[in-house]
Structure formats: C-alpha cells, structure tokens
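Visitor: Could you build all of it, start to finish, from the sequences and the hints given here?
Top line first, the protein sequences correspond to chains A and B.
What the first sequence shows, in my numbering, is residues 1 to 348, in sequence order.
What the second sequence shows, in my numbering, is residues 349 to 696, in sequence order.
Don't take each hint at face value.
[Said to hold, decoys possible] Computed cross-link-like contacts, DMTMM-like style, restricted to lysine to aspartate or glutamate with a CA-CA straight-line distance of at most 25 Å:
1. K143(A) - D78(A)
2. K134(A) - D489(B)
3. K134(A) - E590(B)
4. K491(B) - D633(B)
5. K75(A) - E442(B)
[Claimed, not checked] Chain B regions said to be covered by chain A (calculated; three or more residues, Cβ under 8 Å):
6. 450–460
7. 485–494
8. 501–515
[As the list claims (entries may be wrong)] Selected chain B positions facing chain A (in silico; Cβ < 7 Å):
9. P444
10. I497
11. R631
If you're looking for bench data, these hints aren't it; they were derived computationally from the structure.
Cβ atoms here follow ideal geometry from the backbone N, Cα and C, with glycine treated the same way.
There are 2 protein chains.
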Amino acid sequence: MNDYRGKRVILTGGLGFIGSNLAIRLVEAGAGVTIIDSSVPGCGANLFNIAPIASAINVIDSCIGDVERFTSALKDADAVFNLAGEISHSRSMEDPERDLYLNTVTQLRFLLACRANCPGARILYASTRQIYGKPVYLPVDEKHPVQPIDFNGVHKCAATQYHLLLARRGDLDCRVLRLSNVYGPRMALHLPQQGFLGVYIARALTGEPILVYGGGEQLRDPVHVDDVVEAFLRAGLAPDMEPRVFNVGGPHPLTLSEIAAAAARQSGRSPIHHLPFPESLTRMDIGSYVTDLTRMQRELAWAPGIEFEDGLRSTLAYYRGNSDRYLGFTKHPERPAAVRLEYPASTQ
Amino acid sequence: MNDYRGKRVILTGGLGFIGSNLAIRLVEAGAGVTIIDSSVPGCGANLFNIAPIASAINVIDSCIGDVERFTSALKDADAVFNLAGEISHSRSMEDPERDLYLNTVTQLRFLLACRANCPGARILYASTRQIYGKPVYLPVDEKHPVQPIDFNGVHKCAATQYHLLLARRGDLDCRVLRLSNVYGPRMALHLPQQGFLGVYIARALTGEPILVYGGGEQLRDPVHVDDVVEAFLRAGLAPDMEPRVFNVGGPHPLTLSEIAAAAARQSGRSPIHHLPFPESLTRMDIGSYVTDLTRMQRELAWAPGIEFEDGLRSTLAYYRGNSDRYLGFTKHPERPAAVRLEYPASTQ
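Guide: Put into structure tokens, the structure is as follows:
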C-alpha cells in the first residue's frame, strides 16, 4: 500500500476509533496526515488513540462545519477520509437535533468547502449499515432499500446522499463505505451507546457480566478495524468509477449469543446473563444483519481477513495494556444540553 | 367526501399552491381548518389564495419549527396535512442551508411536536418525485431507488424518512405522497424557480415566448391540483395500513414540447422558442419522468381525472381573472441573505 507515500491526506474524526487506526496506517504508508476533529463529547475522540503518531501528524481542533478554520489544509489535499460523526442510534433518539447537526449540517458545510478547495481529491465517507434499517433480505447488498429506523440512520443517509449527488454532478469524487459492526483497538469503551461490541469488550475486560437480550439469535458480522482500514485505503486508490457505494462487513455471521460466548471465553471472568429484550431496544432492533461482500470483493479485491475470535483476542490484549486510557473515563459522561439549531430571523 | 365533516384539520403551508386548494376543499367538506404558514419568501405563500375561505378558517402565522406557537392547535387535530416546505431545486443548490432548514430541521421539530401533542392524528406529507433523481426505469413506482440529484431532493428525502421512521415505530400514523409536476390555480407564478409549468403558464398569460430547451422530448406527467387534493383527501381517510408511500402523477405522459405547444395554443399569443439546453440545467436534468399510478389506484382507488389540455384551460381562466394577484409581484423578489444554522458553542 505504498501508493499513499507523499500523499496529503485529510482525516475528519481522526481522533476517534476508526479514524485513528486509519491515521496510523497512513503515517506508516508515508502519507502526510492532517486530522480535523473537535472532540465532540460522546463521539469517541481520544487523544491517546494517536499517541503512536502524535509527532508525525497535524491535528486541527475544529468542528468539520467550521470550514474557515481549515481551508488552507483542504487546498493541499489529495484524499479526504471523512469519518467525523456521531454513531449512537439511541442518542439520536434522545436528541435528534444534535444528531442532525453532527451528521448532516456539518457534513453539508464540509463538502461544500471540499468542492471549493479540493475538487480533485478523492473523498471517502464512512456511512453505516444502519441506513438500511431492518433488513428485508440477507445478506444485505448495496441495492437493499434504505429504510432507517432511527434519526441517526436518516442523518447519515442524508450525508451519504450529499456525497453521492456531488459525485453525480461531477463536483467531487466521492466513495461511500457502509460499515457493519466494527471492533478493535481504540474503540470508545466508556460510551455504551456506541454499540454492543464495545460494551461486551469493556465487560470482558472488567469481568462484569455480559448481557444477552432475548434469545440472542440475531446475526451480526463483526469486522475488525484493520480490515475496515484496508477497505478505506483501497477505496481511496481505486480508479474513478461506478459504483460509488460499498458495503463492508466481517468474514462470518455470528449470533449475538456466539459473540457473547466468545467475549466471555476470552475474558476468563465474565459470566453471561440472559435477560428479556428491553422495550426501549425492541423498537430500534433491526433483527439480523449480514453484509453482502460481493461488490467489495469484485471491485476492490477486498475481503475481511481477521476471524472474530482472533481479532477479539488481540483487541483485548490492546486494552489490557491501556485500560486506564479507555475505561478510566467516567462511565456516564456529562450530557450537554439539548441542541437547537438557530436560523436568523432576519433572513426568513 | 363527507368524512371530513366536523374534523379538525391542521394544514402546514396552507397559504401556498397545493395547501390553499386543499384548504378550500376541506372547508367545503365541513372540516375545521387551521393553517400554519409563516409565508417564507420564495415558498409560494399568498394570502389571496385563501380569500374564498378567509372568514372560515384559522391562520397561525408561524414557521412549522416554532412549535410552541401552535401546540394547542395540534392537541385537537384529527388530521395533519403537512405541505410546508421549499420546492425549488435550483434555489437549494444556491443556498443549501436554507433548504436544509426549511425542509428538514423544521420538519423534525414539527413531527416531534405532533408526536407529543397529536399522536393519534393521521399525518399526510407532501413529498416529491425529485427524491428519485434521474429515473433508471419508467414508469417510476414507489420501489424505485432514491437517488436525488440536488439538495432539495436530499432534504425532502430526509423529511420523508422522519415520517416513515416515526410510523414504523408506532409513534405517528404517517402517509407520504410523492408528487409529480403539479399545476393549477394558485401557483406562485412570480417564482420561476418553482418549476417550468408555472413559467409556461405565466408566459401563456402575458404572451411572452415559451422556451423549450433542447429537443423538448423529455416526458413529464402534469397532474392538476384538484386531482392532487383528491389524492390527499383519500390518503387521509384510508384505514391504517401498509404501504405508507404513494406516487401521485398525471393521467398521461407528455413531452415538454407537447406541454409547451398546449400552453402556446391556449395562450393564443405566446410563440414557442427553441433554445440549447443551458449547462446550469443539464446538471439537474432528470431526463424523462412518468409516474406509476398502480399503487394509488389499487390502494386508494384514485386516478387522475383531469386531462392536461382541460386543466390548463381552466387554470388559465383562473389566472386571467386574478392576474394582478399572481403576476403583480416583482418578478425577481429580493433574496434573503444566505442562511447559516447556528449550534450553540456551549453545548458542543
């Protein structure tokens, strides 16, 4: 992957989970990396994530919507990995305007700034399987209907459409990866609303019980962050072509019970507790999800290489060596007040 | 259609083109009508539209996002016809944040207020064929891929998804009508960015040339507003059921040349001018569009009854009697400054 040598790369959300892993790989590949990240509370930014490369990169402490703060960095960009955003489904239901701001309003501003300053750059957007909603067939390919069941899905879908319409117009060269459940080093384990995999890993580390709701028979296909990073790097290099959307998932479907069992096994301490499915989660439950990897394999010669049991082992090893950096946060971080977008009355 | 007698109906955007026609029909049917409309410049509100029923309805001068201004009206509602919004594709490209605010931010607030205050009301949303983008097959049914080619399409799509996800969750009882090109009395003829049909009608009235770009062979299926009103009324009464999305279009596909010829013929004065397709429009051109009416016919026993030539004749007759109310506006209304959504820094 030496094609990134000397390339100037912008990474939004680069202090977060996937972004920091991608930043490390890009620095190793010889790219010049600039991270844009304002460490929005709740979104997973962690300066420790980039400790291995802190001296080799440029970090701009800015919301991606405050475009005047990084215009000059954009002007030089060869590629933009656009990973900033909020991923919590539950939090989007509690404060929809916050999610709308973080995932849609700021993305609109960011892309318009890219159009103005780096129209030739390849742009890679991290979207999510959540926009498909409850699958109507498995495995889910890129033509599956888009039927989000929470506000996060709606807002990530809108940002996806921004990327795609600007690409269709010839304004920007965008690719979109729709990610399944990603796990690995540098997850925000202290943010339970970011997904069950982080919760399972945190509990495996601490020896707390691992909770399985209902029968635990729903399928997921966890994908290791190293595989996801490889997917982004390939999508960043592939020639300009259709299609522009790719589903990215793990090597095998596993039931939630199997995932919990693996976490308990590798923990050596955590028991598994079965509980009734909470009503609050029922209404956001998507049932089973499995990624159709055909397009990624065919177009980008990419397939996930890391089996879950192996990936989980190395992931736990990472956190065991750095647990104070990931579990040392308050477990219930202070929530900001509800967000309200303002529209100057004078312009209405 | 006496099932609306005594019903309390909220109509957002009720001073606009379709909304005012719907309000008149609802008053005739014996409904109690409350309009919520803040007359956003550029969106087609015109107090003259509701002159025939002004004494019979309640008008709340409020943006649909300022929910505290109409909470008590919502509490009584049996049905909500949600037609507020900006429909201009070109304007959304000039000021995407304005479009995002008018079509998405305010819709989110409005629907959350409906959930809190009238969860039992039937909600009917006016969406647009624009969200399908450039059709990949004709006629376009409700399963056609959603691939908007402008910001207006993205934002109307997000609002559509708000309605549908709240319906899927059981929070609200929503239906969505995706409208083709609607024409008839009470269009905002002074706003050329609202679509070519209004422009053709305005020019037929004044005798100015009717412009056809390119070969004029693209298909459209103009639908008369009376047919659209009937579609809304039926969707408002149908029992709670899937599906929730319906495409609404006209009785016959016509080429743009045929539409222009009809307008010129009925004008008696306007010549037709053929011009090259402007580059600025090429990038927003969707080619041909024809609505698949199967679902509306099957589920709601609705079909468009008004042939274009007949509908155009009565439409021109309406405007000839009221031309000062529709052509008397400045032709190039003052544009508000670009909109920027604010997010209080303290809550980030």
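Visitor: Can you give the numbers of the hints that this structure goes against, from lowest to highest?
Guide: 1
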